[in-house]
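Whole structure, please, built from the sequences with the hints as guidance.
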Amino acid sequence: MIEDITFLHSNWITYISIGAIVLWLVFVWKEGSDFGKRRFWIRITVALFAIMSIAVIALKPALPILGKKTKVAILTSGYDTKQLDSLKKVHKRLKMFPYKANQPIFGKVNTSDTVFVLGQGLESFDFWQLENYKVDYVKSDVPSGVVRFTYDHSRVVGEQLQFEGMYNNPKKGNRLILEGPGGNRLDSIALESGKKQSFQLATHLKSVGTYTFSLVEKDSLGAVLSQDPIPVTVKNRKGLRILIVNSFPTFETKYLKNYLAEMGHEVLVKSRITRGKYKFEYFNMDRILMGTFSEKNVAPFDLVMLDVATANNLGRSSRTALTNSIKQNGLGLFIQPDDDFFRFRKDMVAFDFVKEKSTETNLMNSPKIKITKYPFIFKDQFQLQAIHKNDTEHIVSAYKHLGKGKVGTTVLESTYELLLNGKTTEYQQLWSAIISTISKKESAEVSWDKHSILAIKDQSYTFILRTAISEPEIKTEEGYRIALRSDIDISNLWHGTTYPKKPGWNRLSMAQDTTAVLEYFVTDTTTWKSKSGYDNIQRNRRHFDRASTKNTKQISPLAPINPIGFYIFFLLCMGYLWLVPKIGRE
Amino acid sequence: MRSGHDMLVEFRRRWRLMLWLEIALYALGPAILSYLIFFKVFWSLVILFLVAGMILFFIKPWKHSLENVASYIDLHLEATEYSTGLLLLPEEKLSGLARIQQNRVTTRLVEKLKTVKPPNHLVRGAIILCSFILIGAVIYKYELLSNLQWSQQPKVTPETIVFKPTDTTSTTVESPKLIRQQLTINYPNYTQVPSVETSKMDIKAVEGSKVSWKIRFDQEIKSVTMESMGNSYPMKLIDEAYTGKSILTNAGFYNFKFTDLQDRSYVSELYAIEVIKDKSPSVEIKGIKQFTSFAFNEDKKVSFTTAIADDFGIEDSYIIATVSKGSGESVKFREEKLNFNNKISKGKRNLSLSKNIDLDQMKMEPGDELYFYVEALDSKRPKPNISRSETFFAVIKDTVSDNFAVEGTMGVDLMPDYFRSQRQLIIDTEKLLKDKAKLSTKDYKSKSNELGFDQKVLRLKYAEFMGDESEFGGTAEGDVESLEHEDEDHHEEGHEEEDPLAKYTHKHDSENEHNLVEEEKKKDPLEEYLHNHEDPEESTLFTKSLKGKLRQALNEMWDAELYLRLYTPEKSLPYQYRALKLIQEIKNSARIYVHRIGFDPPPIKEDKRLTGEIDEVSGFRKSAELEQEDAYPSIRIILARLEQLIFEKGAITEEDKLLFGQAGNELAEKAIENPGQYLETLQRLKWISEDVTVPQEALVALQKGLFLTLPELKPNAVKKQQQTSEINDLLLKELEIND
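If you read the protein sequences in the order shown, they are chains R and X.
If you're matching positions, the first sequence starts at 1 in my numbering and goes up one per residue.
If you're matching positions, the second sequence starts at 1001 in my numbering and goes up one per residue.
Incorrect hints may appear among the rest.
Stated by the list, open to error - Here are the computed lysine-lysine pairs in the BS3-like style, where the Cα-Cα straight-line distance is at most 25 Å:
| hint | chain 1 | residue 1 | chain 2 | residue 2 |
| --- | --- | --- | --- | --- |
| 1 | X | Lys1720 | R | Lys389 |
| 2 | X | Lys1257 | X | Lys1222 |
| 3 | X | Lys1060 | R | Lys254 |
It is worth saying that the hints were derived from the structure and are not from the lab.
Have a look at this one:
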């Protein structure tokens, strides 16, 4: 008990004690005449007590009000009353405080000891309020609803938007509906009863722009239970420049070039008619000369497609030019396979194949459609990146990195048969995946590394910027500049935080590059409730679990001891000292 | 001083007035109630007078005479001492005392008459009136009986008129209101549909109809135009109404636009024009099979009825008949146009016509074929719709037709039909066994015998191939004669198929058999027993077995015939079955299969390949722009813009309006094909392109509608973006080293 006493004016302790000693010494000197007598000792002892008590009054002793019996519980949203009841049983004098975001939790009340946090927890911006407490976070149940989701919020028009999520505590009969802008129903799923249900909804994006899709939950009667926004930015397609060189015309090339040209890509097909004579076909592009490959004349192209005969008969200079273009400029190369390709392998990049019997396969995403192939499959090895796999997880088309560029091929044969069989979409999907993957990528000056473009009004929204520009300047729509923090290791990585005020679509733009605009969607706390609750639980758990181990010594609030006792004691002492000489004289 | 009489008259007047007032109060209540419910002044007045009349009948205010008044006053005013009646009598007739009393009463009345009030129920009347009004007000307020309010006003399509952004300060000026709109549809004359007048502006009419609009406003306005599919047609002012005319050709949309004197313009809703095409008549021929065939000796008449229906009226109908003579290359056609028996009454919607065609009158001979169909024309102008029925066939069977037969290498069923007659015999035998109980013994035996005879004829036929003519020749001859005889019996008994078949197929079948097993026929009967190695045909195992089989079949037939002749058809059946099986085997073995031969090019010498003269071959260049144009560029832009408008609540600019207009044109093209689906969206688009302040919901609904119109995009390869950084480059280099 006594060791708990601290002095509020502890910084005066030396001066006061020196003064007290001096005073006492003066007193001793004053009583010096009676030295040796019994009353001398009594008097100096009494004086000592008086001085000590006055010194103590000056120092203001205080006791920590470690209310052992007053535990505190903070009730955040979604707390479990059962947990609270059992907590009350253990700690009889439990004090409860309801939590309101961004408000002082305890007000003027001073508390101590352990603080229990019940429910979904505090908002992360309120953590500081509990910094000095020992916090015990009593985790509540995960809220029911969509607790996690992921989707690519920035897509190219025509691509598929895939929304994957996890629904906690689904109720049978309810449905989740993906609605497009304006409320078109695009996809839906029925919930099954169970603990958790993962779901996937998808739609194709039809138009360029920023749109808010929404995830709507309806009960079996069709009443809307919740509606949460899914913001998506849809970017415009950029066409490719493709060079196809064949040593003889094939059906495969014929259909492929027609498809590519119809889709608006610039395609140059050079096919040999006979020795030294070539047929040049220019689709959607101006005529350019195309003789042997040089770094200059393949520079404008994003992808070069060669058949095996052409690839094998490339001259030394052509080969070097092509390899350099791939390695340094990121050009893509696709080898159109034939039987020889699997027999002799002497290409820029060696692919390894495994022979197998079947000459037919199907693709993972369309397992019902048969595609003919060469009797080989790719040997899965280091550096080989799959583009397509069949339903037995074998790779049927793949690429390898070569410097900045990629070299790819496939074991599929006569894919144009898909077109002839009326499977146009599958054919187009197959080739658009291969070509998109292998083609040269556009290097972006500025890119926003955004894990989410969903922000909450008046709460912090953090974004990450990658740019080669040395000192990027980011401004909000209102013209406010946002201070950026550079990453300590990676110089072109910048972090920034903003507090959006306007609901709906907001924009962040860069002063140096006005085309680099980040569009993000601001909503309020009423949307994605289950997810934010779940996130909060995780955040609180992480924060408080860590905090409790570190926070061994805690500082409790102090209350000064009432000095009246010392006064009385002082007065008694002084009274004695004053009265004794008078009594003694008589 | 007034006389007492006058005072009584005055009192009576007051009394009557009060009664009238009371009646008025009673009557007004129901009248007001009815007005509040139905809003019909006329009916309310009727009720008013009706109720008033009824109450009048009860109360009869005119009936109160002066005597009644006097007695009433006597009752209610004690001061009169029951002598008011004296006032009514002339002074001269009264006694002195009475006169004094009369005077007293008069003076008292002058003082006190005002205290007496005529009896009335005005308060009651007022309460009833108030309660009626209250009920009416409640009903009116809460529209309790709104279903009873059949509004007599024609349901004017709400021309919700909106402002264009002009800086009018004169907002106080009332906007012109449409007071009358009329749409007249004149159907084309031939349809014989009377013209329609309507106030509903959506048009649904037959192609070629004349449409005229008349719209009238309550004030003078500057101009009215009708806008349709991007064009605008000014309307003329005739008789204070704006009129416009048009002839319907295509489906589409239209709306009105007018400008008032303050130069503000207003736009109406979008209305659909739906054009119904005049359908072609439907023709159905009844009472005849598609194929009819006649024997030459039959009564060769074809009769049928035709049901023709058209939506507006049939103009004409006739039969086109074609007779074909001959066959193969010498075929000849003759076409004739025949009229129906009935006369066609023009303009009827449904017709039932009949026709008899006598093939003899058509100069048809056996083997000729008649094809005919019915053609019907409707009354459409200038070009009628023509439709025709299916084609029907009538054939006179040719008794002597030569079937064209190719050599035996044809992979078709060449086997003569009488091979089937073994099967037929089996069927008949089985039928006979089944009917045994029903038939008399004599009939049964005779039938069995007949079957035996048929079996014999069949056997003889086969025997012919075996070269057995001589063996059975005599008997066969004799039998054939009797065959003719028995033939007729067969006819009578309904075994028609069998005998004519044997008869008709005789020549043709044997001829066919010639082709198949020609050799045997010419062979010496002895040859079978010789071993002739020189003849390659004979020496094969195949022929031998074929011959043996045929012989075996004949033997089986012999036995079958025997048991049939012995009236034991059940015993004959196994033999017949065996014979059938053998014949089947022979039939199959006689099939000839030929290998198909493809083109086998001569081999090319390897060293000659690609060594031809290539001077003439030249490389060539070709350029093509194959990129497909997007059909909805404006709609796509609008969609993104709408998202901004919805979330940022910006105002619609002039630029936007232009875009909305363009998007409207793009959508209109699609909407023409399917107006029901897109009309609403198109309408919204139109509104927004004219208006500034549009509610949020309208924008959302428009966005939804437009998204639905966009087709799905095809999968396409795209150029992807990539952030290049030193670390990435380093990683790639590292990978390469590792490789």
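Hints, verified against the model:
1. Between X/Lys1720 and R/Lys389, the direct Cα distance comes to roughly 21 Å. Compliance with the 25 Å bound is thereby established for this hinted pair.
2. Our distance criterion of 25 Å between C-alpha atoms is met by X/Lys1257 and X/Lys1222, whose separation comes to about 11 Å.
3. Proximity of X/Lys1060 to R/Lys254 is assessed by CA-CA distance (about 108 Å); at most 25 Å being required, the pair is judged violated.
This entry does not satisfy hint 3, going by the numbered hints stated previously; all others are met.
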